[in-house]
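Quick mapping for you: the protein sequence lines, in order, are chains A and B. Here the first sequence stands for residues 1 to 572, where the numbers follow UniProt numbering. Here the second sequence stands for residues 1 to 572, where the numbers follow UniProt numbering.
Just to be clear, a hint being listed does not mean it is correct.
The list makes no distinction among identical chains, and a pair is therefore deemed to hold if it is satisfied within one copy or across any two copies.
To be verified - Cut-off 27 Å, straight-line C-alpha distance, at most; resulting in silico cross-link-like pairs (BS3-like, lysine-lysine):
(1) Lys93 to Lys362
(2) Lys437 to Lys139
(3) Lys415 to Lys64
(4) Lys558 to Lys31
(5) Lys336 to Lys316
(6) Lys309 to Lys90
(7) Lys472 to Lys58
(8) Lys180 to Lys93
(9) Lys316 to Lys457
(10) Lys472 to Lys334
(11) Lys374 to Lys70
(12) Lys415 to Lys367
(13) Lys143 to Lys384
(14) Lys362 to Lys164
(15) Lys382 to Lys28
(16) Lys558 to Lys367
(17) Lys382 to Lys180
(18) Lys362 to Lys382
(19) Lys309 to Lys472
(20) Lys164 to Lys437
(21) Lys428 to Lys401
(22) Lys58 to Lys457
It is worth saying that the hints were derived from the structure and are not from the lab.
Number of protein chains: 2
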Amino acid sequence: MSFESFLTTDDFSGYEDPEKYKRDWLPKVEKYRQDLEDGLLSEYTAELPASIDVLASKGFNPLKYLYDAKLLTEEEFKITDTPASELVEKLAKGELTAVQTLKAFAHRAIISHQFTNCALQLFVTEGLERAQYLDDYYKEHGKPIGPLHGIPISLKEQMDYKDKITHGSYVSKIINIPGKHGVTTQILENLGAVFYVRTNQPQTLMHLDSNNNFIGLSKNPFHLGLSSGGSSSGEGSIVGFGGSAIGVGSDIGGSIRAPAAYSGCHGLRPTTRRISTNGGISGGAGQESVPAVAGPMGRSIEDLELWMKTYINDGKPWELDQWCIPLAWRDVPKPKPTDLTIAVMYDDGLVKTTPPIARGLKETVAKLEAAGVKVITFEPIKTKLAYDTVHKMYACDGNYKQRELLSASGEPLAKLTKWSLSYGDGAKSYSVAENRKLNIIRDSLRQEYTDYLIDNKVDFILSPTYNNVAPKPEQVYNWSYTSLFNILDLPTLTFQTGLFQDPTKDVWDESHASYTYRNELEKLECSTYDPEAFAGAPIGFQLSGRRYFDEEVIAAGKTIVEILDVNLFNLF
Amino acid sequence: MSFESFLTTDDFSGYEDPEKYKRDWLPKVEKYRQDLEDGLLSEYTAELPASIDVLASKGFNPLKYLYDAKLLTEEEFKITDTPASELVEKLAKGELTAVQTLKAFAHRAIISHQFTNCALQLFVTEGLERAQYLDDYYKEHGKPIGPLHGIPISLKEQMDYKDKITHGSYVSKIINIPGKHGVTTQILENLGAVFYVRTNQPQTLMHLDSNNNFIGLSKNPFHLGLSSGGSSSGEGSIVGFGGSAIGVGSDIGGSIRAPAAYSGCHGLRPTTRRISTNGGISGGAGQESVPAVAGPMGRSIEDLELWMKTYINDGKPWELDQWCIPLAWRDVPKPKPTDLTIAVMYDDGLVKTTPPIARGLKETVAKLEAAGVKVITFEPIKTKLAYDTVHKMYACDGNYKQRELLSASGEPLAKLTKWSLSYGDGAKSYSVAENRKLNIIRDSLRQEYTDYLIDNKVDFILSPTYNNVAPKPEQVYNWSYTSLFNILDLPTLTFQTGLFQDPTKDVWDESHASYTYRNELEKLECSTYDPEAFAGAPIGFQLSGRRYFDEEVIAAGKTIVEILDVNLFNLF
Numbered sequence: 001m002s003f004e005s006f007l008t009t010d011d012f013s014g015y016e017d018p019e020k021y022k023r024d025w026l027p028k029v030e031k032y033r034q035d036l037e038d039g040l041l042s043e044y045t046a047e048l049p050a051s052i053d054v055l056a057s058k059g060f061n062p063l064k065y066l067y068d069a070k071l072l073t074e075e076e077f078k079i080t081d082t083p084a085s086e087l088v089e090k091l092a093k094g095e096l097t098a099v100q101t102l103k104a105f106a107h108r109a110i111i112s113h114q115f116t117n118c119a120l121q122l123f124v125t126e127g128l129e130r131a132q133y134l135d136d137y138y139k140e141h142g143k144p145i146g147p148l149h150g151i152p153i154s155l156k157e158q159m160d161y162k163d164k165i166t167h168g169s170y171v172s173k174i175i176n177i178p179g180k181h182g183v184t185t186q187i188l189e190n191l192g193a194v195f196y197v198r199t200n201q202p203q204t205l206m207h208l209d210s211n212n213n214f215i216g217l218s219k220n221p222f223h224l225g226l227s228s229g230g231s232s233s234g235e236g237s238i239v240g241f242g243g244s245a246i247g248v249g250s251d252i253g254g255s256i257r258a259p260a261a262y263s264g265c266h267g268l269r270p271t272t273r274r275i276s277t278n279g280g281i282s283g284g285a286g287q288e289s290v291p292a293v294a295g296p297m298g299r300s301i302e303d304l305e306l307w308m309k310t311y312i313n314d315g316k317p318w319e320l321d322q323w324c325i326p327l328a329w330r331d332v333p334k335p336k337p338t339d340l341t342i343a344v345m346y347d348d349g350l351v352k353t354t355p356p357i358a359r360g361l362k363e364t365v366a367k368l369e370a371a372g373v374k375v376i377t378f379e380p381i382k383t384k385l386a387y388d389t390v391h392k393m394y395a396c397d398g399n400y401k402q403r404e405l406l407s408a409s410g411e412p413l414a415k416l417t418k419w420s421l422s423y424g425d426g427a428k429s430y431s432v433a434e435n436r437k438l439n440i441i442r443d444s445l446r447q448e449y450t451d452y453l454i455d456n457k458v459d460f461i462l463s464p465t466y467n468n469v470a471p472k473p474e475q476v477y478n479w480s481y482t483s484l485f486n487i488l489d490l491p492t493l494t495f496q497t498g499l500f501q502d503p504t505k506d507v508w509d510e511s512h513a514s515y516t517y518r519n520e521l522e523k524l525e526c527s528t529y530d531p532e533a534f535a536g537a538p539i540g541f542q543l544s545g546r547r548y549f550d551e552e553v554i555a556a557g558k559t560i561v562e563i564l565d566v567n568l569f570n571l572f
Numbered sequence: 001m002s003f004e005s006f007l008t009t010d011d012f013s014g015y016e017d018p019e020k021y022k023r024d025w026l027p028k029v030e031k032y033r034q035d036l037e038d039g040l041l042s043e044y045t046a047e048l049p050a051s052i053d054v055l056a057s058k059g060f061n062p063l064k065y066l067y068d069a070k071l072l073t074e075e076e077f078k079i080t081d082t083p084a085s086e087l088v089e090k091l092a093k094g095e096l097t098a099v100q101t102l103k104a105f106a107h108r109a110i111i112s113h114q115f116t117n118c119a120l121q122l123f124v125t126e127g128l129e130r131a132q133y134l135d136d137y138y139k140e141h142g143k144p145i146g147p148l149h150g151i152p153i154s155l156k157e158q159m160d161y162k163d164k165i166t167h168g169s170y171v172s173k174i175i176n177i178p179g180k181h182g183v184t185t186q187i188l189e190n191l192g193a194v195f196y197v198r199t200n201q202p203q204t205l206m207h208l209d210s211n212n213n214f215i216g217l218s219k220n221p222f223h224l225g226l227s228s229g230g231s232s233s234g235e236g237s238i239v240g241f242g243g244s245a246i247g248v249g250s251d252i253g254g255s256i257r258a259p260a261a262y263s264g265c266h267g268l269r270p271t272t273r274r275i276s277t278n279g280g281i282s283g284g285a286g287q288e289s290v291p292a293v294a295g296p297m298g299r300s301i302e303d304l305e306l307w308m309k310t311y312i313n314d315g316k317p318w319e320l321d322q323w324c325i326p327l328a329w330r331d332v333p334k335p336k337p338t339d340l341t342i343a344v345m346y347d348d349g350l351v352k353t354t355p356p357i358a359r360g361l362k363e364t365v366a367k368l369e370a371a372g373v374k375v376i377t378f379e380p381i382k383t384k385l386a387y388d389t390v391h392k393m394y395a396c397d398g399n400y401k402q403r404e405l406l407s408a409s410g411e412p413l414a415k416l417t418k419w420s421l422s423y424g425d426g427a428k429s430y431s432v433a434e435n436r437k438l439n440i441i442r443d444s445l446r447q448e449y450t451d452y453l454i455d456n457k458v459d460f461i462l463s464p465t466y467n468n469v470a471p472k473p474e475q476v477y478n479w480s481y482t483s484l485f486n487i488l489d490l491p492t493l494t495f496q497t498g499l500f501q502d503p504t505k506d507v508w509d510e511s512h513a514s515y516t517y518r519n520e521l522e523k524l525e526c527s528t529y530d531p532e533a534f535a536g537a538p539i540g541f542q543l544s545g546r547r548y549f550d551e552e553v554i555a556a557g558k559t560i561v562e563i564l565d566v567n568l569f570n571l572f
């Protein structure tokens, strides 16, 4: 896709086949939807204050309503608003049972789904059986089964789940029922996690939003008129809403960070090869120019660390997936603010940030500086080249695999599916020689950023996660802020700032009227902003560190949210 | 290449241009050869007992002659027959100077070159200046400059060297003079190494032999009628001959292990991403389906370990090359024989081993078992698929890059250049989608081998490095035994067994006459074997461990050569 010709470069003939879809596939989809409906156990559902459409049009905040209307019991609130890093201790000491814990989260998860449409599969009854098993184990052995004993974890649907349909939002895969868990799911289960929900994601897994032919869009837990992001869309909704203790997403262009930023939680895109993506559906199988990564989403940085540390050090993913490196998770102490040097990218040179992002970044930097952090300005390094290259990498098989997966069912294409199929040169198939040239560009970019960080003694790059706060449904076009760190493969934390869009403050300044757009994408993105429509949307940024130094990013993230005084367990 | 149609699938038109080559390039090559000639300082040269051609025809052993004819002084023998791991201590204590050390190795290196044609560039005078600088540093500071202070290290020419022609055996690159060292060269220099020789390699870097248009073939230091292997050809010769303390090679299909096995030294092909290949000439730039790796060659396993440990832990390659993982080198104790479980691959199912290899493996296994090692038979897992896939990966850009590098000068193509250009589907350019399918096959193979090792509690796979001992010049066709471990990316040590081909023992057994070849490649390889022609060729095997567990491979290698009672410093 060039900035000037998007939505025009791919040829979509041969993808859709309405007749075949309706005849052969839609009945399966309808059955699937019914199963989801059946998973909404009546003892956990809430009565909604109005129809979702009405609530969405009013910018309703379901998370605030959860507290205001006291939709959970006091105990349920207490459990679901305890960080996972504390829950594991309570479970290990026997102060909480796994059943008690799951019931609380399941209640909140089901309400989350009622409001945000976050789940593709709900199987609380199975989860309760597993929780009971863990409680029995605990009673028998006097100790937890593993370091995540009894922690309710939500899973992006894309990951293989033993004996359950796993479709990755491709209708053609609704007939796919894996005989075993994907590696990451298996490791988490080995560590003691409890599963009860698999979450929504967009068709092709290549939107920063969530539309698909299964259940459609997921909604923002802070504002039902906005998107929860994508492609780990349901994870954004459910984790932001507090319906799971930790969520698992995956990210090839922003798919953990965008939903985390939009939906009011934190999320880590780890460096590649630390977390397994083995076993699951993907349109990018065998693509290693810019590999997808899996990673955690949560409401505290400590929870992300708990997940990473136990997953790596106890889960030993390299024993189950040859792709993973036996690089142990190191305990890195939380740095003092004065130990940190952070380079801030206020603008990536491609797409201008909207008022809440510009204000949020300014306020965040002011707080960091006041706390003693050394902040310098980061002048973007070849972001246009990075953008063009990574977008070509996504599509350089000429969308061969996507076409195969989509055309098998003839399902209708979502708006943003067409958008992402137009990336790079769309349907143009690259030769291997051309792909190798892209890899050489990528490696030179990676080296340039590595050199920048080391030569300038800069610890981290702080940047917007997206040029805007959570977008309106199906109005997120620009990946430049997130995909930059995919092509660079830098571990990147999206953290919440505790700031929210404020229509009274977040209006374009006077200069905007005479601003000359640098490209059509920028114009399109800026045109979607309207102060009133985004009231209360969370503001989250990215912190990127050196490749494979995920530990330092997490440690600094703790310092930063402490400086910003962010507490996502106590918002309303 | 299929076994049935090799040497026929590529189109070689457009590569060669004799007129252009002779007019524009040959004069440069001749100047280069003269520079090499000028580097043979007269105070270090020896008088040869006959012409090289005559010696080669007699199967002359120059290493034995070195001792028999006392071509070095006693002190020079003592220094050059001390392991690098001990030299560093002597240098650090001031018991040896860097100048003294280099002079001894330079003398042996130059004699090595006279016999084996191992060097592309010799710059002993520069090396002596560097050594003097190190001695001055030591005097001034009372300590070594780094953990490899004063160690003479030979370098495969392919790696960028500051201000020196770096051509990778492509004539078109004879005009390439890098402004800085490649990363690995730079790290070794930072650690205190002394450079004085850059060594030979084949055209395209894709032969397990050494022919090129610069200086032609390198010879085996144990038998001048045989090949020293390739593509780290000159490293095989010089390290086997003792002309450098440690050599640096690189390996994408066997290029460290073949020359180590043939030329009578040890060599490690590390797991990818631990050692940098950044900065150098390669026809595979941007190719990451089966990446090349750099690694050490030496005369003791301890020396390989010294190189790996200091390179990684002190050199921190991840700070200079984004490709490298910050995975520290772990100190792994030498295992007891009884702690080891080794699966032996006697035959890979593709190409039958010649009598010395079959006998050598049998004798080696007997000694290991006698020492208490648990030995089981390894039944090859999908070796044909691995062979086909990795060979397609080498050429799947349709040899685009090779064609570009070769046709720029129009240089004549060597026999084995045509052979390797015929790999996979030769000149057929693959699409990205096809490349991705190869990657998926590769990953499933890697997983299968990983699962095999873990599920069966097998520590290592022991296998031939090649179906034969060192081949006759330009008669090495089969890569199956080595390239298997490239596609699997398993760290693989080639170690010497202390055994040598023996014409009285190593004849085909009776059954061979009625043996039905499984494919044309096997027939071709077996046809080159003739007991008398290989007298005294070293026998070296491979030990492969789990991906990224290079430390365990090295540790077990120490145990094994101890069991086999191998001492390469004391052979004649």
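Status of the hints after comparison with the structure:
1. When the C-alpha separation of Lys93 and Lys362 is checked against a cutoff of 27 Å, the pair qualifies neither within a copy, at 43 Å, nor between copies, at 57 Å.
2. Proximity of Lys437 and Lys139 under a CA criterion of 27 Å is satisfied in neither setting, with 59 Å inside one chain copy and 49 Å between copies.
3. With identical chains, the CA atoms of Lys415 and Lys64 are never at most 27 Å apart, being 31 Å at best within one copy and 76 Å at best between copies.
4. Taking the shortest Cα distances, Lys558 and Lys31 never come within 27 Å of each other, neither inside one copy (44 Å) nor across copies (62 Å).
5. Taking CA atoms no more than 27 Å apart as the test, Lys336 paired with Lys316 passes between copies only; the shortest distance there is 25 Å, against 31 Å inside one copy.
6. Taking identical chains as interchangeable, the C-alpha atoms of Lys309 and Lys90 lie at most 27 Å apart only when both belong to the same chain, with a minimum of 18 Å there against 43 Å between chains.
7. Taking the closest pair of Cα atoms, Lys472 and Lys58 come within 27 Å of each other only inside a single copy of the chain (13 Å); across copies the shortest separation is 83 Å, beyond that limit.
8. For the identical chains of this complex, Lys180 and Lys93 are neighbours neither inside a copy (31 Å) nor across copies (59 Å), given an alpha-carbon limit of 27 Å.
9. For the identical chains of this complex, Lys316 and Lys457 are inter-copy neighbours only, at 16 Å across copies versus 32 Å inside a copy, given an alpha-carbon limit of 27 Å.
10. Proximity of Lys472 to Lys334 under the C-alpha cut-off of 27 Å is found in neither arrangement, the shortest distances being 36 Å within a copy and 62 Å between copies.
11. Taking the shortest Cα distances, Lys374 and Lys70 never come within 27 Å of each other, neither inside one copy (43 Å) nor across copies (66 Å).
12. For a Cα distance limit of 27 Å, the shortest separation of Lys415 from Lys367 qualifies neither inside one copy, at 40 Å, nor across copies, at 68 Å.
13. Taking the shortest Cα distances, Lys143 and Lys384 never come within 27 Å of each other, neither inside one copy (53 Å) nor across copies (49 Å).
14. For a Cα distance limit of 27 Å, the shortest separation of Lys362 from Lys164 qualifies neither inside one copy, at 46 Å, nor across copies, at 50 Å.
15. For the homomeric pair Lys382 and Lys28, neither the shortest alpha-carbon distance inside one copy (47 Å) nor that between copies (38 Å) is at most 27 Å.
16. Proximity of Lys558 and Lys367 under a CA criterion of 27 Å is satisfied intra-copy only: 14 Å inside one chain copy versus 57 Å between copies.
17. Only between protomers do Lys382 and Lys180 lie at most 27 Å apart by alpha-carbon distance; the minimum there is 23 Å, versus 43 Å within a single protomer.
18. In the homo-oligomer, the alpha carbons of Lys362 and Lys382 lie at most 27 Å apart inside one protomer (23 Å), although the nearest pairing across protomers, at 58 Å, exceeds that limit.
19. Taking identical chains as interchangeable, the C-alpha atoms of Lys309 and Lys472 are never at most 27 Å apart, the minima being 35 Å within one chain and 54 Å between chains.
20. Taking the shortest Cα distances, Lys164 and Lys437 sit within 27 Å of each other only across copies (26 Å), while inside one copy they are farther apart (40 Å).
21. Proximity of Lys428 to Lys401 under the C-alpha cut-off of 27 Å is found in both arrangements, the shortest distances being 13 Å within a copy and 21 Å between copies.
22. Taking the closest pair of Cα atoms, Lys58 and Lys457 never come within 27 Å of each other, the shortest separation being 47 Å inside a single copy and 61 Å across copies.
Consistency note: the structure conflicts with the earlier hints numbered 1, 2, 3, 4, 8, 10, 11, 12, 13, 14, 15, 19, 22.
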